[in-house]
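Enquirer: Sequence:
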Amino acid sequence: MSLTYLAALAISIGGLAVLDRRLRLALFVQPARTMVTVAGAVVVFLAWDALGVGRGIFFIGDAPYLTGVRLAPQIPVEELLFLVLLTYQTLLLWRWFSRSRDARTRSASDDGPPGGTSRAVDA
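First residue of the sequence shown? That's 1 in the UniProt record's numbering, and the numbers climb one at a time after it.
Think of the hints as simulated: they come from the structure by calculation, not from any bench. Certain hints may be false.
So the derived label-pair ranges between C-beta atoms look like this [as the list claims (entries may be wrong)]:
id : residue 1 : residue 2 : range
1  : Trp96     : Gly68     : 12 to 22 Å
2  : Ala32     : Pro73     : 31 to 41 Å
3  : Pro73     : Gly40     : 19 to 29 Å
4  : Met1      : Val53     : 30 to 40 Å
5  : Leu93     : Leu71     : 39 to 49 Å
6  : Trp96     : Gly54     : 12 to 22 Å
7  : Gly15     : Asp62     : 37 to 47 Å
8  : Arg33     : Asp62     : 34 to 44 Å
9  : Ala10     : Pro73     : 18 to 28 Å
10 : Asp102    : Leu71     : 33 to 43 Å
11 : Pro73     : Thr105    : 31 to 41 Å
12 : Asp102    : Asp62     : 21 to 31 Å
13 : Arg101    : Ile57     : 32 to 42 Å
14 : Arg33     : Leu71     : 21 to 31 Å
Nothing here was measured: the structure is a model prediction, and the numbers come from that model. Yeah, the Cβ is synthetic: ideal placement off N, Cα and C, and Gly gets one too.
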């Protein structure tokens, strides 16, 4: 039994939370919405995993860095943290890119129409 992978996942999620707090992207702005979004995606991915295990597509194999604790046959507890990491990271990236795009759009609209169409009025 090894806690290496579990610890790496937990540290990575913690790092994402620090970035999230600093940049105010998701969890520290809209906590309920963020939790529902991440939890919903994790449920979908766990169902996907269960389907893959049931069809013999997904299996654990030789895994020296896992704890050995299983959520279900062939689904280690680390999978849950990995899916949280995956969905939280994706949400943060989406929010950051959306914010960047919105800032560029606002900046472009504040500069006035392109082509310098504003003219001085003759008196």
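Enquirer: Now look at each hint and say whether the structure bears it out.
Expert: Hints, verified against the model:
1. Against the hinted window of 12 to 22 Å, the Cβ-Cβ separation of Trp96 and Gly68 comes to about 36 Å, which falls outside the hint.
2. In this structure the hint that Ala32 and Pro73 lie 31 to 41 Å apart at CB holds, the actual value being about 33 Å.
3. Distance hint check for Pro73 and Gly40: the Cβ-Cβ separation is about 24 Å, which falls inside the suggested range of 19 to 29 Å.
4. For Met1 paired with Val53, a C-beta distance near 21 Å fails the hint of 30 to 40 Å.
5. Checked against the given bound of 39 to 49 Å, the beta carbons of Leu93 and Leu71, roughly 26 Å apart, lie outside it.
6. Between Trp96 and Gly54, the C-beta spacing of about 36 Å breaks the proposed range 12 to 22 Å.
7. At about 28 Å, the CB distance of Gly15 to Asp62 disagrees with the hint of 37 to 47 Å.
8. As the Cβ distance of Arg33 to Asp62 is approximately 40 Å, the hint placing it in 34 to 44 Å holds.
9. Checked against the hint of 18 to 28 Å, the pair Ala10 and Pro73 passes, with Cβ atoms roughly 24 Å apart.
10. Asp102 and Leu71 have their C-beta atoms about 38 Å apart, which keeps the hinted 33 to 43 Å range intact.
11. Between Pro73 and Thr105 the beta carbon distance is about 49 Å. The supplied range of 31 to 41 Å is therefore violated.
12. Range check, Asp102 to Asp62: about 47 Å between beta-carbon atoms, so the 21 to 31 Å window is missed.
13. Checked against the hint of 32 to 42 Å, the pair Arg101 and Ile57 passes, with Cβ atoms roughly 37 Å apart.
14. In this structure the supplied range 21 to 31 Å holds for Arg33 paired with Leu71, their Cβ-Cβ distance being about 25 Å.
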